[in-house]
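Visitor: What follows is each chain in one-letter form.
Protein chains: 6
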Amino acid sequence: DFNNALEEVHSAFGVSEDSLQRCVEDGILHYSPTIDSCLRQTAVDVNVVRSAPGARTTSVLLHGPPRSGKTALAAQTALSSDFPLVKVVTPYDLIGMNDMAKVQHLHKIFADAYKSPLSALLLDDIEGMIDWVPVGARFSAVVLSTLRALILHPPPKDRKLLVLATTGELSALEQLGLSRAFGSKVAVPALGSLQELGRVLELADALDGQAEREKAVSLVADAAGANGGQIGVGIKDVLMAVRRAKVQGGGADAFAGEMERVMLENRF
Amino acid sequence: DFNNALEEVHSAFGVSEDSLQRCVEDGILHYSPTIDSCLRQTAVDVNVVRSAPGARTTSVLLHGPPRSGKTALAAQTALSSDFPLVKVVTPYDLIGMNDMAKVQHLHKIFADAYKSPLSALLLDDIEGMIDWVPVGARFSAVVLSTLRALILHPPPKDRKLLVLATTGELSALEQLGLSRAFGSKVAVPALGSLQELGRVLELADALDGQAEREKAVSLVADAAGANGGQIGVGIKDVLMAVRRAKVQGGGADAFAGEMERVMLENRF
Amino acid sequence: DFNNALEEVHSAFGVSEDSLQRCVEDGILHYSPTIDSCLRQTAVDVNVVRSAPGARTTSVLLHGPPRSGKTALAAQTALSSDFPLVKVVTPYDLIGMNDMAKVQHLHKIFADAYKSPLSALLLDDIEGMIDWVPVGARFSAVVLSTLRALILHPPPKDRKLLVLATTGELSALEQLGLSRAFGSKVAVPALGSLQELGRVLELADALDGQAEREKAVSLVADAAGANGGQIGVGIKDVLMAVRRAKVQGGGADAFAGEMERVMLENRF
Amino acid sequence: DFNNALEEVHSAFGVSEDSLQRCVEDGILHYSPTIDSCLRQTAVDVNVVRSAPGARTTSVLLHGPPRSGKTALAAQTALSSDFPLVKVVTPYDLIGMNDMAKVQHLHKIFADAYKSPLSALLLDDIEGMIDWVPVGARFSAVVLSTLRALILHPPPKDRKLLVLATTGELSALEQLGLSRAFGSKVAVPALGSLQELGRVLELADALDGQAEREKAVSLVADAAGANGGQIGVGIKDVLMAVRRAKVQGGGADAFAGEMERVMLENRF
Amino acid sequence: DFNNALEEVHSAFGVSEDSLQRCVEDGILHYSPTIDSCLRQTAVDVNVVRSAPGARTTSVLLHGPPRSGKTALAAQTALSSDFPLVKVVTPYDLIGMNDMAKVQHLHKIFADAYKSPLSALLLDDIEGMIDWVPVGARFSAVVLSTLRALILHPPPKDRKLLVLATTGELSALEQLGLSRAFGSKVAVPALGSLQELGRVLELADALDGQAEREKAVSLVADAAGANGGQIGVGIKDVLMAVRRAKVQGGGADAFAGEMERVMLENRF
Amino acid sequence: DFNNALEEVHSAFGVSEDSLQRCVEDGILHYSPTIDSCLRQTAVDVNVVRSAPGARTTSVLLHGPPRSGKTALAAQTALSSDFPLVKVVTPYDLIGMNDMAKVQHLHKIFADAYKSPLSALLLDDIEGMIDWVPVGARFSAVVLSTLRALILHPPPKDRKLLVLATTGELSALEQLGLSRAFGSKVAVPALGSLQELGRVLELADALDGQAEREKAVSLVADAAGANGGQIGVGIKDVLMAVRRAKVQGGGADAFAGEMERVMLENRF
Ligand SMILES: Nc1ncnc2c1ncn2[C@@H]1O[C@H](COP(=O)(O)OP(=O)(O)OP(=O)(O)O)[C@@H](O)[C@H]1O
Ligand SMILES: Nc1ncnc2c1ncn2[C@@H]1O[C@H](COP(=O)(O)OP(=O)(O)OP(=O)(O)O)[C@@H](O)[C@H]1O
Ligand SMILES: Nc1ncnc2c1ncn2[C@@H]1O[C@H](COP(=O)(O)OP(=O)(O)OP(=O)(O)O)[C@@H](O)[C@H]1O
Ligand SMILES: Nc1ncnc2c1ncn2[C@@H]1O[C@H](COP(=O)(O)OP(=O)(O)OP(=O)(O)O)[C@@H](O)[C@H]1O
Ligand SMILES: Nc1ncnc2c1ncn2[C@@H]1O[C@H](COP(=O)(O)OP(=O)(O)OP(=O)(O)O)[C@@H](O)[C@H]1O
Ligand SMILES: Nc1ncnc2c1ncn2[C@@H]1O[C@H](COP(=O)(O)OP(=O)(O)OP(=O)(O)O)[C@@H](O)[C@H]1O
Ligand SMILES: [Mg+2]
Ligand SMILES: [Mg+2]
Ligand SMILES: [Mg+2]
Ligand SMILES: [Mg+2]
Ligand SMILES: [Mg+2]
Ligand SMILES: [Mg+2]
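Chains as they are written, first to last, in the working numbering: chain U, 1 to 268; chain E, 1001 to 1268; chain X, 2001 to 2268; chain R, 3001 to 3268; chain Y, 4001 to 4268; chain B, 5001 to 5268.
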């Protein structure tokens, strides 16, 4: 029946390495030193949880503009931690639950994590979990309050927990008093320079050869001029522009056209 | 009984080619190059979904002023895609459901789509689905949040999904943070120039012969003067003005009178 | 019992010619060319629905100041249409229903209309149906959203439907985005000139003879001076002033006194 | 049990002459021509309902400052009408009902009235019925909307109904769009002049003899000086001041002291 | 079980002389003529209810700054009235009830009082009963509206009722339109002058002898300088400062230190 | 099943010395005279409750910036009181309860405390209990109102109760009118001077020896320059910085880097 049908689709538990892998489907391209720096920072959190005796919960918030790679970097951190228990929760998992059911679901996720001596939870897109809407600053107060209490709560004796969370709305979380509940914060920026763009195209082996890639970068450079030289496009959008250009059978021109469209939309 | 009676009227599933056809009942008149450009853009989305290996969801938002032909163009795109599964959802389908039922209905629509390897969903009039009301910026937060999560969620392995959506309230969706969830956006404008109007009348074989049509265009031109030369009337309203004139047994004068009335109402 | 008692009072269905007749109890006095023009406009809608093949729904909104005769003119249009199925819905019919029940009631009214090949619905006082309150711009969002979806929805194949609606709050409906759902709009004004007033008194055979009527008009003229010469009183209030004067056994003076009181109250 | 206990206290029906009498417990003192004028105005409404063939509902709103005698004058009008069915509803009758129950109660009151060919309803303190609160302009939208629909609804064939309502918050009802639903309005003022005060004391046979009453009036005159010569105290408060003075065994001084206190409190 | 456990704690009825006594646990210190004046004013209300034939309800509101002795003075009035039935209601009694249950509880309290020919109700801390919160002016509209209707309602024939109420938020009650429902108002001030403070210390036999008390007063005088010479501390806080000083084993200095802390906190 | 699983995690009762101990896991470092002063103030409350005959409830609010040690100091006070019954309540304990259940839980906690002649309750993080959200000043009005009533309510005869509460949002509690319900308030500051920082490092035996600690302090001094010489970091964050530095294998530099990051984040 209907409920069974839905359960097939998102079984609440057993979220695991498989779903973490799907978050980094296109791999992590090391197109800039920032990428390494982000991963180094989250690694400290992993190690504090693992080794320091007194620090039982540590929580870290990855924040940045849309499609900048936040989810992929958080998932990569969790995968590299080698913790025995790692789980992902996304807004999609909470669809169709009323607020009370969401709260119980999240509570249970943490309670289950407390059963393992060492675990990590990836709370992906937390503004989505609290149904944040910018206009009128609306959100689910009870889910917000639950997340805050769960993140702040020290786990029981001999249990250690790392909370990794991502958000595209840092300033919202600041207004809501939720960002303050996190032990540390890591910024995940969009692509900035043309050099970074060139490196992405190279690492992704996009377009037909180096010459075409250089042409693409220089075409984007023209458009970026209007943008103060900044690209300001997330890695996920860059990789999509590569795909859209390919489908149109086009080369550097098609790619630059797609990039221009995204840059224009981002400006609003 | 009552529930049966309602079910006859809108059976949730089995929405199909038939209902898509009804969305383009008056066909697509190619009265301007913009029409072709719109259809070319949505075709790229169709092809990215169909052929690119890594891009499993693509979503496109068709936006424009009232009665400009958004629904017809989205339906035409879906019809031309030849995807094995294509479904339409409109606010009418959600009448009489409470918010939770709407959420489960939408969730099920997506879950069903995930069962087919390649499918397209047409979410028609999404501001209507979230009960958007401009005054006081009111809306259903939970339906909004569900739509956002569904559109952003990557489908399961080996599944591909194209989401086509239409809206007459782009700026509302921007405020609500929903437009950002779409991979690309396509603008569907109202009729602009008198030339376009003439072409519509010709393609629709409206009024009695070319002379009468030309007279109609020149009468509208006078009214458009007050409008800065712009017509600013959607294709759907133009075709209705043709019908109203016909019913009154009138020719160019009756048509121009109807156009004038619509142009006046649009100004407010 | 209680529910039975209520059902006696407003049986949801079977609303018919009888209730339409009650809406025009005092007949339609043709006291001004505007009256004819209003009825001519709504007749076009009737004919578009009846005869044009492609236009399956047409909706028209009659709007104007309080007691100007909106309901009577809409009812007269429906009566003259000779459509096989004509129904009236008013806020009174929805009393005691919660929002969900109202939505289902309205949905059923439309679903029933879709069963007849040609029907008309008169939605009387739609701001009352959505519980509109000017202060704080409050209203029932779900009823509003349902009305919008019902009015916009094309009926099933081979079904034609004319929606006639009345409102005393056009600007509210504009703010709420509901007026835009209507295909056309017709303004129903209050009495403007003294000449119109004289014509009403004559057609209604009010007061004792022509001399007394002329005296009444000239007494009202004095009061109207403060009003910039405008009367600004709806036909329904004029007919009530006639009755109040009669009860007091008074003639022109009593009538003018009542008119003055109404004009004063209207000014606020 | 508990519900029984409550039912003893306010049995919903059978409200009758007895409860009307309690509203004018201290009689109607004809201390000013305004009192007669108010009663004359409401008598026209009574007669329009009784005798005019076409006017089936008439509604009149008595408004004025706190404790000015609104309820007593409305009750007196109903008592004098000699209509076969007269009922009173007050906010007290609605205590403990949720909004839906209030709506059904009011609906039933009107439905019962429709069973009699000629009836009057006294809706006492309608701002209390809709839970009006000035700060933030809060109120029960559904009760408001129901009252509006009930007052506007024409009764069934051959039924006539007079609605008498009282309010201390006319401007609130104007903002809420409810005052507009009434056919006519009557203002009930507080005591204005010292002469009126003297007349009240005399008619109520207050204090010890004429000399003491004159002294009282002249003492109040001093206090009223600060008030611009206006008393601005409702008849109900004046009669209470008489009682408080009596309890203290005091004469003119005690009375004037009490009046001064009330005048001071009214100023805020 | 749980509900039993709670019932032990606050049995809704049988609130009586015992609980009144607890409200004046530290007695009434007659440290200023204001105290006598307050009690004299409330005594008039007691007598009006007792003896005047026509005045069946009288209600009085005691208002003042926090901890100024409002509850104690109201309780003392009720104790001195010697009415056969006296009951106290506080926000604590309403804990755990939803709004509807609160309304029914209050309704029952009044209904029970109507069973006795002569009774008094003490509604202690009415802003607490309506869940008043200053920020955003939030409160329970239905409880507010019920209290208003109960206080305004005349009791049945041959029943007399005195309503005593206390509040620390007079201006809130004014905004909410509730203060206007009371027949009279009595202000209960905080301690004003140093002389009053000295009298309190003396009457309470605080500190070690007269010399220490005089020293205390003069130390407080210094701190009060910054306060414009005003103390502005309620009697309840003064008596607590006496206790805190005693616990610290300190004399005048400790007392003055505590007073200073309270005066500082009051300033914000 | 699910409910059992949750119950394992937080059994509502039996919260005891063990959970108090966990609140001061890293002990109390006496790094400044303020610490002693705070503990001395709360000790007076303990003694007033224990020994003064008439003061049956005393309540104290510990407030300060995030992570300044509020919870640890309140727990230490409770531990040192040697009261026979001591309980802790935190927002975590209330997760998954609806507002009514929270209210009943809190009510029961107090009712249970009233059973013991002498008890202390630690309400930790009360802004979390009322779901306080700064944006839009949202909160649970019913929980707020319940806490206020519970804190103000005098316990039954021969019962004494000390309420210890902590908050990081004093100004919110002031706006909400809750801080006023507390008998006294104690401020818990963050680390201010470099000297205090040096003392913490020493008492915690952090870093490798005195020289490294001095280097750390002087590196932090540079960063603090930008901060006006103020550190403004809570003791909990300082101890975490010590751990993060240790995990990175770093000495004074790593520690100073972590401190700098926290100081930067605190500035927003
Ligand atoms: N250096 C990188 N950092 C992050 N992601 C990368 C990097 N290189 C490649 N990717 C790929 O880019 C995509 C990043 O998408 P991701 O969903 O993580 O972005 P996001 O910021 O979470 O987006 P959203 O704002 O929609 O949540 C992934 O497919 C990932 O495999
Ligand atoms: N070039 C065109 N583009 C779109 N529609 C066209 C075109 N030519 C003719 N039509 C016809 O015009 C009508 C467009 O109506 P449609 O419902 O798509 O407009 P819409 O913008 O969705 O209106 P609404 O704002 O009410 O949702 C359809 O009947 C369609 O068959
Ligand atoms: N020319 C006319 N147009 C409309 N109504 C007329 C006309 N002549 C007479 N009448 C009578 O006037 C009355 C108009 O009342 P009606 O209820 O239609 O007004 P309304 O504008 O709908 O009022 P409301 O604002 O209260 O809804 C009816 O009784 C109708 O028979
Ligand atoms: N001329 C008068 N008009 C009205 N009431 C009068 C008059 N003379 C005496 N009374 C007495 O004064 C009292 C008026 O009280 P009433 O309850 O009608 O005032 P109200 O304006 O309805 O007060 P509230 O604002 O509290 O509703 C009644 O007891 C009535 O018998
Ligand atoms: N003259 C006095 N007036 C009032 N209370 C007095 C007086 N003298 C001594 N007291 C004692 O002072 C205390 C006053 O406390 P009470 O609870 O009445 O204050 P309150 O104003 O109601 O406080 P809150 O604002 O918290 O409701 C009581 O214990 C009472 O016995
Ligand atoms: N002097 C001190 N005062 C308080 N806590 C101290 C002190 N010295 C060491 N600590 C330790 O510092 C930590 C303080 O953390 P605590 O949870 O009490 O802070 P908090 O202010 O309640 O934080 P939050 O704002 O997150 O509620 C505890 O682990 C405690 O053992
Ligand atoms: Mg993401
Ligand atoms: Mg459309
Ligand atoms: Mg009407
Ligand atoms: Mg009244
Ligand atoms: Mg009190
Ligand atoms: Mg804490």
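Check each hint, because a few of them may be wrong.
[As the list claims (entries may be wrong)] Derived lysine to any residue pairs resembling SDA-like cross-links, with alpha carbons at most 25 Å apart:
#, chain 1, residue 1, chain 2, residue 2
1, E, Lys1185, U, Ala223
2, B, Lys5157, Y, Arg4267
3, R, Lys3108, X, Met2097
4, E, Lys1215, E, Leu1029
If you are wondering where the hints come from, they were derived from the structure by calculation, not from laboratory data. On a predicted model such as this, the values are computed, not experimentally measured, just so you know.
Visitor: Take the hints in turn and mark each one as holding or not.
Guide: Now for the hints, and whether the structure bears them out:
no., hint, result
1, E/Lys1185 - U/Ala223, "19 Å, holds"
2, B/Lys5157 - Y/Arg4267, "33 Å, violated"
3, R/Lys3108 - X/Met2097, "14 Å, holds"
4, E/Lys1215 - E/Leu1029, "21 Å, holds"
The structure does not agree with numbered hint 2 stated previously, though it agrees with all others.
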